[in-house]
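Letter by letter, the chains look like this.
4 protein chains.
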Amino acid sequence: MILKLNTSISQAEAAKIAEEIKAFHISYQGSEHLITSSSLKEVPEELKSKVDQNWVFQNDMQLASREFQAKTREIKIGDLTIGGDTNNTILIGGPCSVESLEQIQESAGLIKSLGLTTLRGGCYKPRTSPYSFQGLGLEGLKLLAKMREEHGLSVITEVRDATHVQDVIEHSDIIQIGAKAMYDQGILRACAKIKKPVLLKRGFGTTLQEFVQAAEFILSGGNDQVILCERGIRTFETKTRFTLDLCGVAYLQEHTNLPIILDPSHALGYRYGIEKLAKACVAMGIDGLLIEAHPDPSVAKSDAAQQLSHDQFKALKSAIEPVANSVGYKIV
Amino acid sequence: MILKLNTSISQAEAAKIAEEIKAFHISYQGSEHLITSSSLKEVPEELKSKVDQNWVFQNDMQLASREFQAKTREIKIGDLTIGGDTNNTILIGGPCSVESLEQIQESAGLIKSLGLTTLRGGCYKPRTSPYSFQGLGLEGLKLLAKMREEHGLSVITEVRDATHVQDVIEHSDIIQIGAKAMYDQGILRACAKIKKPVLLKRGFGTTLQEFVQAAEFILSGGNDQVILCERGIRTFETKTRFTLDLCGVAYLQEHTNLPIILDPSHALGYRYGIEKLAKACVAMGIDGLLIEAHPDPSVAKSDAAQQLSHDQFKALKSAIEPVANSVGYKIV
Amino acid sequence: MILKLNTSISQAEAAKIAEEIKAFHISYQGSEHLITSSSLKEVPEELKSKVDQNWVFQNDMQLASREFQAKTREIKIGDLTIGGDTNNTILIGGPCSVESLEQIQESAGLIKSLGLTTLRGGCYKPRTSPYSFQGLGLEGLKLLAKMREEHGLSVITEVRDATHVQDVIEHSDIIQIGAKAMYDQGILRACAKIKKPVLLKRGFGTTLQEFVQAAEFILSGGNDQVILCERGIRTFETKTRFTLDLCGVAYLQEHTNLPIILDPSHALGYRYGIEKLAKACVAMGIDGLLIEAHPDPSVAKSDAAQQLSHDQFKALKSAIEPVANSVGYKIV
Amino acid sequence: MILKLNTSISQAEAAKIAEEIKAFHISYQGSEHLITSSSLKEVPEELKSKVDQNWVFQNDMQLASREFQAKTREIKIGDLTIGGDTNNTILIGGPCSVESLEQIQESAGLIKSLGLTTLRGGCYKPRTSPYSFQGLGLEGLKLLAKMREEHGLSVITEVRDATHVQDVIEHSDIIQIGAKAMYDQGILRACAKIKKPVLLKRGFGTTLQEFVQAAEFILSGGNDQVILCERGIRTFETKTRFTLDLCGVAYLQEHTNLPIILDPSHALGYRYGIEKLAKACVAMGIDGLLIEAHPDPSVAKSDAAQQLSHDQFKALKSAIEPVANSVGYKIV
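Chains as they are written, first to last, in my numbering: chain A, 1219 to 1550; chain B, 1219 to 1550; chain C, 1219 to 1550; chain D, 1219 to 1550.
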């Protein structure tokens, strides 16, 4: 249950109330104090005069719920805003892994040349096998930061585990929590304490309920800049790498107030259908797309089969723009 | 392996060759004779002079493969053609179940008033529980046939099992093989012997390979009018009824020459997101959409939660048209 | 809801009551008449004096429920009984497909030599691809019937679709409804009208609820001789062919009154672990095991990888006997 | 590829070779030096005289493979050994969460009174929702350590994320890596550097290949004390919490040399069938069982529905002993 106190209640008084009811969390926003309780089912008699508004929830979906806030949250990424009433669909591109200065500079050049604003690139790769390329780590983060300085781009990169979450927070404009790290409370709690946008990927074995609950970890800890990212779930089908769950996206759009970015590259796992899937995603009126592209996919150190060439990425952008426009959105 | 004989080979001679190599099937189309063998891996020496062209396949995908025929097959539904180079996306609507003359007349009126051509309605419902409504059976088929006569509409209805497949074949313009009946060889073989379009739904536990193989049953038996229909697969996610597999659709579009119709109603199972999902489907450049609509969903005898009202169906049509146009298709 | 009428109520009077309340089914067993209604939630006032006992159910599990009948049903297979208090675990063996008289005679010899009673063998193979071996059909059924006559064995074979269900009913002692045919109402309804045991396999994409509901089709139609068979469900794991669902078996044992036979051969799909899985199955106190064995697995026309050799089958029997005994059961 | 050097090669020389071939890892065990390379596919000409034996592997299964070491690894837990030729099945019991000194003392008493040796209890609960009980953390670890001192028991507890992995390593005799943390390289790498047994749980959306690869992270880093734990995978079935994958266990027993402990409590999620499932597990000849039990399940702070009462736990032990004996194992 969430209680919104009268604006006449001071911060100190609010803190006292929170303590008395063993509140889960209290959030101070100017004169507006929100108290989240995980045990209360109704407003206690003695608090009724102090509470302006209250929301009771089910299934542990609270702050992310449209019942709590009907409008999609706005998220700022550099000078750009997505969510809210913006009708912006941000197209984020870049390689699976940052591999070298030369490579990431070509990628940054691509993004810049298309009038886009945000570059992706993995530094800590959550590779399942110890015998595969694990990413450049901190060195990669610094290459991304260099791209931000030189090209004025925002950058997004993935945190793999809690041991390097502070490094990623420091160097990245959007913190990406990967599908395999989605339940990691070390990461979730660290991301709850910052004020930067967090892109939370759905685990491939994760239910929609668990997915939203992981977002609640960040929201309830004080960071309201959470973006949900669907990237395909694991099903019995093996001709494609994963199954992009657009029914789930419809559910999330209906029930949560969080912006949604989709990642068709990881879902399909093959270049051939990514443009078509990207069109399908954009037609749903989403807040963004994450697309893998590499200057030369044939030599990529990870996920070679699913990265587009730069020409294919340009073609994809041209192909999705009319679709976005047809549903009242624009690609930014 | 498929062998295309010289056009100089007579039908009688072709039949003799087919017998000699224990062919699986022979298809005579004018002067062009195609022999399908399931055992041959290369053209026997003595036949080389008689064979014009040959195709070797893997994974039991043969006649449905783009390697065999690159272009999407054309299918005629009444006066309308889908597939080929038509860039038509047929919008098929109607109730989950035919319930009464009055109800199906309202449905036919809706379809007609929107300039559409094809009406759906279930007569043999594949309900899992014996204690649920099972459909009107033959009486329903006759109501559909009446709609064809009175309104000039094409009709599509589902065959549930082999006991009534001939009745459906007789009364329906498109034979729908439902998700639960997809492996039924009694039905597949009956549909292989006719020349009417067959809409084959993917089972919710069916791999893409098995799905195409079921289509091969019909194709290899002599009916080349097969449409594939994805309607959602069963995954661990329970907030939605099924998971619409658009990655699978991308795979089918890339590898098979069969037209594809999508059914977002059964996939999601709830009215709220069907319009958005329909937009996503249409953006992929598909051959058709199957949407459930009922004059009064609140009293529907089956699938009440997922049927649109007639106003919602009209709104959906208006909403998907610009999306179809943005990818070069038109809703028909 | 199920109503058990007073034994003083005549059959004619019972039939009239059934008609008045639009009963789903009425079953006459001696002087005991059971009426099943799918709409009633409580006994109507005017019937209270005529009803001895009544059961209200949920989720469409009625006759199969332990609430309706606490004790596991007894099923007779030839001279043998399973279920009830028998603590018998029947071991059924034989090839995936009946291929020839010679082969099936060897199989019958194996079963006989081990003191077992029941031979399996497929005649109508539900092969997904039209280009694979489809079974010997009626000829196979006759070979099985010959084994019954010559060796006094019971035989079990699978019905693939409704077109040959009567042939299978005529020639087989247990009618096996395969995983792909489980929703086929043409088959279910035909099996409801007979008095022979029916082994109903769970579809690989079928929920436990749907599985029990399919059994209800047979039970509610008047045949109370239904055995459930778990044979593996389809999951994301591909190292094994399917995933044997023993959690599901625990659920069925707890909630239904139907005997359970398990099929580890189809679940795993590889010879190597079948003996270990068979031990696991037997340890749960089940009513039977279905194991594929072939005189020479290397030349089997279907499922070659999962069929045991006859020596391996003998070893399996020896290995599971002490396990069965350790839980109070015996292999028969 | 793994190279076993001649025993005449010194440690210094081995290190030089490892550097030259850019080896992934080198392990010194007495005079036996093992070099793991992720790129080599055959022994380089110049090394042939220095290499005694070599193994090439596929699918990134190397040190865990039975090709590398045929015999199941032995693991010491306190004075007890499992794996190898011991035919021991360790029964580990205790509550889902450590809740208080009083509670954990009762649990320790239970374990002790049954002649068992190892107590489980969660301190860092990987709860998906931030609004649920999260565990006692370090305080819980200290309570477990107290039980070790007072009762001479070994203790096992779960690490949730990399932020507290050192605390768990310090206080626990077996480090449990939970299903949600299985991909966490911060944890895997920390566990690779120690010499304590690690129980690695399979993620509920994790393939067998990924599961073994995660074990390779620990093995290849130098800790050869890894136990695999299957605890149920996520499937479409919702009547049970997860689906215990015994086909997967058969695969792991066949292909890997790692001991296997099973967790039927989390798989089923309900008390009623845990004893039967435990019998099934034990019948496969496994190295251990993890069973949740609580002094009073009705007041448990987590997983209340699946924890056994102490009486039920005792009954379970009595029930599984004859099954273990029937396959040549003993419960310890």
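Among the hints, a few may not be true.
Repeated chains share a single entry, so a pair holds when one copy, or any two copies, can fit it.
Straight-line alpha carbon distances no greater than 16 Å define the calculated EDC-like cross-link-like pairs of lysine to aspartate or glutamate that follow [claimed, not checked]:
#, residue 1, residue 2
1, Lys-1240, Glu-1292
2, Lys-1234, Glu-1539
3, Lys-1457, Asp-1278
4, Lys-1266, Glu-1238
5, Lys-1413, Glu-1388
6, Lys-1457, Glu-1428
7, Lys-1259, Asp-1521
8, Lys-1411, Glu-1368
9, Lys-1414, Glu-1539
10, Lys-1330, Asp-1385
11, Lys-1330, Glu-1388
12, Lys-1457, Glu-1472
I should point out that these hints are in silico values taken from the structure, not numbers from a laboratory.
At most 16 Å between alpha carbons: which applies to Lys-1457 and Asp-1278, within, between, both or neither?
between (35 Å within a copy, 14 Å between copies)
Within a copy, between copies, both or neither: where do Lys-1414 and Glu-1539 come within 16 Å Cα-Cα?
neither (28 Å within a copy, 39 Å between copies)
Alpha-carbon proximity between Lys-1266 and Glu-1238, which holds within one copy, between copies, both or neither at 16 Å
Within one copy only: 14 Å inside, 56 Å across.
Using 16 Å as the alpha-carbon threshold, which applies to Lys-1234 and Glu-1539: within, between, both, or neither?
neither (52 Å within a copy, 56 Å between copies)
When no copy is named, should Lys-1330 and Glu-1388 be tagged within, between, both, or neither for a Cα gap of at most 16 Å?
Classified as neither; 23 Å inside a copy, 50 Å across copies.
Same-copy or cross-copy closeness of Lys-1457 to Glu-1428 [CA-CA at most 16 Å]:
between (27 Å within a copy, 11 Å between copies)
How would you label the pair Lys-1457, Glu-1472 (within, between, both, or neither) given a Cα cut-off of 16 Å?
between (30 Å within a copy, 12 Å between copies)
Please sort Lys-1411 with Glu-1368 into within, between, both or neither, judging by C-alpha distance up to 16 Å.
neither (29 Å within a copy, 40 Å between copies)
State whether the alpha carbon distance between Lys-1413 and Glu-1388 is at most 16 Å within one copy, between copies, both, or neither.
Within one copy only: 12 Å inside a chain, 34 Å across chains, cut-off 16 Å.
Checking Lys-1259 and Asp-1521: alpha-carbon separation at most 16 Å within a copy, between copies, both or neither?
neither (48 Å within a copy, 21 Å between copies)
Are the CA atoms of Lys-1330 and Asp-1385 at most 16 Å apart within a copy, between copies, both, or neither?
neither (25 Å within a copy, 46 Å between copies)
I want to check one pair: Lys-1240 and Glu-1292. Are their C-alpha atoms no more than 16 Å apart within a copy, between two copies, both, or neither?
Answer is neither; intra-copy 30 Å and inter-copy 48 Å both fail.
Against the hints set out earlier in the document, violations occur for numbers 1, 2, 7, 8, 9, 10 and 11.
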